[in-house]
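Start from chain A and add chain B according to the hints.
The primary structure of each chain is shown beneath.
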Amino acid sequence: MAPQSEVALTAIDIVNDETAKAAEAPTDSPRTLSTKVDRPDAVFRWVARSGGTIVVTVMTLVGLFLLIRGFEAIQAAGPNFIVEQAWDPNSGTFGIAAVFMGTVFIALTAIFFALPLSFGTALYISEYAPQRIKPLLVTTVDLMAAIPSIVYGLWGFFFLSPLVLPLSQWLATYVGPWFPPFSVEGFDPSDPLATPTVFSASTFIAGIVVALMVAPITSSIMREVFQQAPLGEREGALALGATKWGMISSVVLPFGRGGIIGGTMLGLGRSLGETIAVFLIISPVFVIQPRILEKGGNSISALIALRYNEASAFEISALMAAGLALFIVTLIVNFGASTIVARSRSGSLGD
Amino acid sequence: MTDVLNRAEAPTTNEVQDAPAIGPEVTPAKTTWTRDGNEPDAAAPEPRRSTATIRTVDVIRLIGSAMAAVGFTSWLFFFALPLEGALGFVLITYGMFLLLFGILTGFDENRPTVRDRMASVVMHSLAFLLLLALFSVVIYTFGRGLEPLGFINFFTEDMSNAGPLDDLDRGGVLHAVVGTLIMISIALILTIPLGILTAIFLTEYPGRFARFVRTVVEAMTALPSIVAGLFVYAIIVQFGFTRSGFAAACAITVMMLPIVVRSADVVLRLVPSSLKEAARALGASTWRTVWTVTMPTARSGLTTAVILGTARGIGETSPVLLTAGATTFFNFNPFSGPMTSLPLTTFTFVKSPELNFIARGFGTAAVLMVLVVILFLIARAIGGRGPGQLSPRQQRSRSSASRNDDYRFRAKELGIARGTKSSALAPPAPEVPPPAVPPPSAPTDSIDQSTKD
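So the sequence lines, in the order shown, correspond to chains A and B. By our numbering, the letter at position 242 of the first sequence is numbered 242, and the numbering carries on one by one without gaps. By our numbering, the letter at position 293 of the second sequence is numbered 293, and the numbering carries on one by one without gaps.
Keep in mind the hints are simulated off the structure, nothing from the lab. Here a beta-carbon is modelled for each residue, glycine too, at the ideal position from N, C-alpha and C. Worth double-checking, as some hints may not be accurate.
[To be verified] Sample of chain A residues at the chain B side, in silico, Cβ under 10 Å:
no., residue
1, A122
2, I150
3, F182
4, S183
5, P216
One chain only, chain B, in its complex shape:
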């Protein structure tokens, strides 16, 4: 798509520049592209037009104005004005750069072209700035977390025998890892059935109530996590429970549920209705259609929805802060006693003024981030495909199942049926209908997918 656009773009901008200056009516001889083919140079080979989207003159302008901006700002900072600070230097340099680039382009080009180049530069730099900031978040956390990560006890001990002044060779965060895993498992046990069931309800039984549910879920997707924690805290206070891992898991569930429902709903809506209609036409009931057609088709998307919800749930601090209590001991029982999680441990570590504790905090944050990134990458690997698109392995198993069916049907036609019980409506082997994409194009699709990933 963008290929087409890019190709179309180079000539159009040339036209815009040239149109007022030359104009085909005024000097038709100069242009090789007029319609009346009487030009003297019609026979001459047309020079090949460049379709590149990056123009040399633009690159030269960029470099030139960048150098000028750096030079000018250095002069401002070191000689002319009493300015200081790295951030200020960068900001002023960038402003100067934009100004100079605009002026430089304005020498040769007309107004729309200048605007186009400026917009392009601004968009590139905004995207670069955001990505840079995000990378710096990740790299900074890892960089400072590296020190405690070097100690093996960081992964094998809890903090019960490490005092505030102890070095990094005592104490670890295994209790937080255990706590996180227990909490997220309980949350998932609650979230997965409820979330996917609700998403199925939204897609399979549309109506006024489903619309209402969808509205509520959408409004709740960005429910402040502290409110989810406060809600469970209110229940604890109301009924006289104590804080526990289970309470924290409930808070995480309240927060994750709308996220999972919403993304599962989106995925289920993408299942082609022709597949569902085919199942119905074969006489399948609603739940049979859902179980054997809709869910398998959307499996990768559903998995992604759940994993992305998990990644969010794992990283939330505030619901756990209010409901789990905090502890430095191992606690394997989610129903009694306080429990802690990775983000909560990070939080308690960095609140301490001790440098070792802050280092431990960064280490815990790094562990947490690794966990989230792994979950995310798994989600991408599974969910990169749309509904109905198959991985090569699934493709092979589908086609072998289909061959078996073909063989079976032929055998039946020839009167050498193996079993007498097989009925035409419910063949035992093909639980799932053939892939949505026709067989010849399917392998290329999956290859594309794998190269993209």
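In isolation and in its complexed conformation, chain A is listed as follows:
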């Protein structure tokens, strides 16, 4: 109270004599402000804070333990750990180049499919869907995000793979010759007896399945941001004669840009770490294999799931190191994503 009136004094200056006199009064000395915390509150504060500390500790331990266990392998391999493609820890030649690139290829394929799907779904739910079925659609998409990944894996392996083979074959035949990622080694389009088995268990199929798994999450984040686009500006655009798409592209999309980028990155983080679906579908190879239509690919998580069981102590250490690499990459991607989404929610990107 007292400091405030002093500030007021400097601002108003001599104009107001009476306030000056009041401030000079000897009885009004500055009070010391303090928060009195009684014992239960202090205990509660301590408990709550320790809860937060435990969570952070657990999360730090995840990284720390992987580092400790994987250190031996990283030390033994040296820089080769990053550039070596083969995975044979017991003979000393191993590296994550192949599995890491495989992970990236699968994730990129997944995002290539998931981005338009989730974008369209989010926009449909937030802008086009009839008011009555909107809550139902939101629930459905959220439910799909909760469906276990093993179910997607089963579907991809038994249902989708055979369906995609003709498409892969067509792409390899007509697009492959001038687009290297779609070319397939050992496939001759002019051979009438060529089997489509070279196209099974490919990065492409795994990518599509992972895309379906991440699309609901990505879509749900995008929808939330789209729905926050200010009503006044939407109506302003419509009142100026914009079509619906004009309104969307001039108001909703600029406003939701952060949500689109952040949601996509979050989806990317999820698809980098996906294990079971990839493990079921792909047939593992240990070379960098950028021809996504061809049989064979790999990912870090699939490698761990594949090898952990019959591994020697040193091989386990190598797997831990690979897990650490995956952990760091997903952490960076997720962290970037959540920063972007958080910033877009506060509206600072919505220009």
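Chain B only, in chain A's frame:
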């Protein structure tokens, strides 16, 4: 909200189409909506404008171009080019359909309108495609899982006496159901207090440390589940434990914790600060405010957060794969011996080449999915309301508590106090403040909610 938009949309698109062609200055007589009211037909009744968002001409264009696309693609497939495959047929048909629809709209409309119609069609079909794919995932799994689900032993036995070549009338997955339930219970015992406590810390004690915790939790929400499993596996290796149900539960906890913290944090932040401030103004301490105001207000949201985390935790395979071991026997002790869970059992079943095992795998997946869907629907039923919104039953109990208080206060004013001990600051009955919504609007709110659900 969208109602307003939709209504606004029909006339605006008309304007865009008409504006360059007619223009109010050129031929004012033709338009009924100019401002200077000297038109000859001002007295004539204005024709009612249609505010429908679906235009007949668009529907006709859609049907026409769809039929043309199917016809053209059939011709391509069966006569012109050596193409095959159902998926290819659908893709080419769709491409043709878009092209034809664009051309057809372009005959009558200007560029922005064509773009609008095309965008609308593309968005509708993308959403339809995703939903179709998701439904096909569910239906396919159920369809193939139906066969083993018909055998009662599938739900009552474990797999210990079923060999690889046995028919579906031997063996079941009850051991996996038991394992899943034990694991998720332990995980929940660990997750619920820790997760909600952390969320409370984040909302009640904001500061630099809380911000740091929030950042860490957000970055960990999408922690790859295999890394969580690997972490627990590293501990097992480090300290010489064996794989067990408890280890798997710990791995699931590591995975669920950030999810629960994050969604609980979001829910707690939605509690109106006026409620908390009211409690503080009445002299309540922080923990009393949290316990009697914040938590009850956000109860439905917190429950939802926990249940959604549970649904994710139940379905994860990879952490369990690394830490639980796998077994075909019943194991009720989470601390010793391997244990299995539904997703892990599914995984081991479908890796087998035996058709019966694959069928069992689909059956297990169907059981798992039913479990997840039930959890999810419970979460929706509880958590459909925002903080402070009450179900009709809660509404009734609140208002009866409020009536009691009113009666008590009046009795006190009239000097017929029942007990001498009652103090003004801590009335015993109203543990929870009155609902955030004013009483008259509250019932309609809850009715809306129930019809929506």
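Tested hints:
no., hint, in the structure
1, A122, "9 Å, holds"
2, I150, "5 Å, holds"
3, F182, "15 Å, violated"
4, S183, "19 Å, violated"
5, P216, "7 Å, holds"
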